[in-house]
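When you get a sec, could you build the whole thing from the sequences and use the hints?
Residue 30 in the UniProt record's numbering sits at position 30 of the sequence shown; the count goes up by one each step and never skips.
None of these hints come from the bench; they were simulated from the model.
Computed from a predicted structure; not experimentally measured.
Any given hint could turn out to be false.
[Claimed, not checked] Cβ pair distances, simulated, as ranges:
id, residue 1, residue 2, range
1, Gly45, Asp72, 35 to 45 angstroms
2, Gly33, Val6, 15 to 25 angstroms
3, Asp103, Ala13, 33 to 43 angstroms
[Unchecked claim] Below are the EDC-like pairs computed for lysine to aspartate or glutamate, each with C-alpha atoms no more than 20 angstroms apart in a straight line:
id, residue 1, residue 2
4, Lys14, Asp48
5, Lys80, Asp17
6, Lys14, Glu84
7, Lys14, Glu44
By construction, the Cβ of each residue, glycine as well, lies at the ideal position given by its N, Cα and C atoms.
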Amino acid sequence: MITCVVDYVIDPAKLADFERFAAAWMRLVQREGGIHHGYFLPAEGASDEARALFSFESLAAYERYRTLFGVDRDFIEADKIREESGCVIRYRRTFMRPLLPGDDEDL
1 MITCVVDYVI
11 DPAKLADFER
21 FAAAWMRLVQ
31 REGGIHHGYF
41 LPAEGASDEA
51 RALFSFESLA
61 AYERYRTLFG
71 VDRDFIEADK
81 IREESGCVIR
91 YRRTFMRPLL
101 PGDDEDL
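Okay, structure coming up:
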């Protein structure tokens, strides 16, 4: 399993737009066989940081999902939310391998 961690710098004044963007992508990841672990949004105090985590069974499965960017109508519509609203200032994507409860029994 591979988990994609996306760290966002967002416009706090456009949090509702970011939530619409996030909801669309959660549906698309799940539609394409991934597991979305959710978006983590600012909760208390002023913050412009948000995070998303989602997993695919392998890097190859993630790469199949990525082939739909700019091609699939639903992917284009979801990304249009970000583009038109300006809710995302920048983002960084990192890939990680999770160690889950129970995995440590084999160590």
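Quiz prompt | List of violated hint numbers, smallest to largest | solution = none
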